[in-house]
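Student: Guided by the hints, dock chain B onto chain A, whose structure is given.
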Amino acid sequence: MEILVCVKRAPDTLENEITVNKDGTNIEQEDLVYSVNEWDNYAVEEAIQIRDKVGGSVTVVTVGDEDAEEVLRREMAMGADNGILISDKAFENSDGKGIASILKAEIEKGKYDLILTGAQADDGAGQIGGMLAAMLDLPYASLVNKIDSEDGKLTIGREIEGGAQEINEIELPCVLSIQTGINEPRYVGIRGIRKVASIEIPVRTASDLGLDTNAVGDAGAKVKKLDYFIPETGDGAEMLTGSQEEIADKLIELLKAKGGMK
Amino acid sequence: MESLLIPPANAEFFGMSLKIFGILIPIIGVSLFVYIMFKRILPLMQAQPDFRTDKIGERIMTFLKVGLGQSRHPRFITAGIIHIVIFVGFLILALNSSNLVIVGFIPGFTLPGLSGAVGGVYIALKNIAATLVLFACIIAMIRRGLFTPKRYKVPEKYGHDHTAEAVFVLIIISVLMITDSLFEAAPIIEHLKTGEAKEIIIPGTITWLFVATLKNASQGALQSLYLISYFIHDLVFFFFLCFLPLGKHFHVITGLLNIFLSKLNKGSIKPVKWGISEEQLDNLESFGVKKITDFTWKHILDFYSCADCGRCSDRCPANRVKRPLSPRFISIKARDYIFNEYPLCGANKNRQDKKGDNMLIGDIFEEDEIWSCTTCGACEAECPILIEYIDKIVDLRRAMVDEGMVPQSLQKPLGALNKRGNPYGKLEKKRSAWIKEKDFAAECEVKTLSAKQNADTLYFVDSITSYDDRMILIAQATSKILNAAQIDFGILGKAEKDSGNEVRRFGEEMLFCELKDQNIEAISASGATSIVTSDPHAFNTLKNEYKDIPKAEHISQLILRQLKQNKLTLSPETTGKTYVYHDPCYLGRHNDIYDAPREAIDAIPSIKRVEMTDNCKDKSFCCGGGGLMLFYEPEEETRMGTIRVQMAKEAGANVIVTACPFCMVNIEDAIKTSGLEGEMEVIDLAELIANHIK
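Protein chains in written order, with the numbering used here: chain A, 1 to 262; chain B, 1 to 694.
A couple of the hints might just be wrong.
Lysine-lysine pairs mimicking DSS-like chemistry, simulated, CA-CA at most 25 angstroms apart [to be verified]:
#1 B:K430 <-> A:K22
#2 B:K608 <-> B:K619
#3 B:K270 <-> A:K195
#4 B:K412 <-> A:K146
These are computed hints drawn from the structure, not numbers from a lab. Please read these numbers as outputs of a predicted model, since none were measured by experiment.
Extracted from the complex, chain A is given alone in its bound form (with noise of 0.2 angstroms):
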């Protein structure tokens, strides 16, 4: 099966303290330290599982500029076999479509059974995932936490609201996002990536790819960020107090009445 994994490099929020910027049109950039996408490493762990079980290949593709590579890396020192970057000024601020746009130009180039992106980003919108199903013309399920492929169709487990799973099947090719929690990401070190770092990975720009320089990137965008702040802590947090066998009684009780507990 030939599986292409999107993933995008973010900023990993267990790592960086947050703080907006004096503008209060992004965070501060200064310090922060990034990483691939959670959600997209574990759609990594899973195209490289249904790789090692029915054979093909792996291609992780990112849209970012040049340090976009080192996730690209990271992940192919996973055991995802090709990289591809995509990289443009032009392609800079771009809004969901934009991306999803630059993403399908590369994908319509290669033939792919299986696309896999994040269910969401720690800065995203969870967009990217459903427009590229829709320009493509191929079915899409999200929140994808299982994945069985069996010849020309996958059955694959969503996870729904409250905790209830749904198992559906789907054609191939298709679109899926995935949800965290759907493997256990192996462990990546400095010495599995330093094994690929001689890998060479090729570079896509707007021109190779065929794009108008004006429908993506600054200039295409229709979604643009206005604000962006930290919101104000409010007034529901509640103090339990007593012994700890009080409070512990407190909170069986809480969570009961809200039916997070039975």
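Tutor: Only chain B this time, still in chain A's reference frame:
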């Protein structure tokens, strides 16, 4: 003295000379033994290199103390004494047994030096030894069979019980003792009858018992007993020799050698591969122990040498809290695997696991088993034949890291260490935020060292003490002590990275090398001529694993020196509380610093300090582990810290003094979860001393 009985070498049985058996039994026995040993050595030849011939003087001392001196045995008193008796008995009897073999084809042979007076004394000594060994075997059999100590039990998942093998061997040894003595007694009785006896018979020995009970036996009967006992001894002796390499009694052959070849540089982890420098690591195809021959030859010798005594597991805190780890079975499982892979008959197997490779993880070892170890070193402090466990655990972890088999709970902190130099993912510039806290800054100034700002002493703070809200109090207390002692000191601030002690022990060698190199660079830029740290984990790796940096010491050592030089004076204790000192593993067991912290505490006038007698110093019970272990989520029935707090309570203490931030985390948690808040408390040594500075 001429024997009145026909010796085995001259005897005939239905016209056939028994000398043939006297020659054949040793030839067959020795050949078989050589063949078995050859098969056993084969895996060692295919294993990884290991350099064990350095520091001969130290090795000889270890051999004399732990080997011949059996110094570890009295730690488990009953089993220890039984073992010492059998061990010493064997050493004495070995000479006589060799002599006996030759008697089978050279009548009346005595080894040079064993005739005359010396020989007489030796025989007397040997008789006492044989008697004591027999006695020890009988006690051991009763103990093993009837009052089996808990630690000998084999949990179901590890296979069948080992009692049968143990008792069988005790019977074999007993038979050797009895036949040896009977063979000696028979001619003495003959001599007694003729009044020619000159042998010394020690009352109470088995020989004495035989002489007393058989003194009226006919010459024919004695002749038969004489020959029968000889050949039973001869046969059993060679059977035993060939049986030894088949199981846990292999240690009779390998034990002393294993002690001589033991690891000498405690506190440091073995390199990924001996003979491969850090710069060459990138060229290695694979890291760590994936298949059995990825172990070093010495580690395979360790597996062979395990006597299955269970002391390691008895002391192992992970085993105690029912994590899926028992060090004893690391050895036993690996030994059985090797015996199965390299069978005595037939071709070597090439066993493959479900995934189609011969990874030991997933076959004989479980992932959680290998992650369960806190590397506290209690097992190694206990093993009477100095089997190593930590290096093997780390080698197995290196393999898992190399294959990406790292629990999710550990991947986050490892990623953060890579990006930010600390496992919490906190900003580098916040590493020294603790020096700027208002109240503290007013009292004590801490310099941040660089190429421009130098100081004599570098205080290496390490991650937890820099970032954790509770542990920064240890950093501040340490600084106050240094300040009070008028030491010119400073910290590295954001240039400091995690020391990497746990990163290395969790198998992430490359990340450790990066952290270490960055720290070495920052340390040398600081211009400091000495290093002090309040974190024993940092202390351990700085002292034992970093190269080309100034000498590192733990704050307890510095405190003691300052006290002795009267540069620090302490005010008396007035709380009336009872203190107990908990030995952190990386200060105590790994670096032998037991007394400095105790002396420092005792320097506080009128302080009351007790000991957790059976669980202190090198028998200290690990608090639960530090560094990355704080992130790992093991399966366990209880927390190690909970047990430790209970031990302190039973010792009659209200305050546990420790000297390690990780012990503080675990013990503080355990006090809370045990509901002992208000009753028990924990304080770091640096805090205790800082509170008492005049």
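Student: Now tell me, hint by hint, if it's right for this structure.
Tutor: Verification of the hints:
no.	hint	result
1	B:K430 <-> A:K22	holds, 21 angstroms
2	B:K608 <-> B:K619	holds, 22 angstroms
3	B:K270 <-> A:K195	holds, 23 angstroms
4	B:K412 <-> A:K146	holds, 23 angstroms
Hint violations for this structure: none, all hints satisfied.
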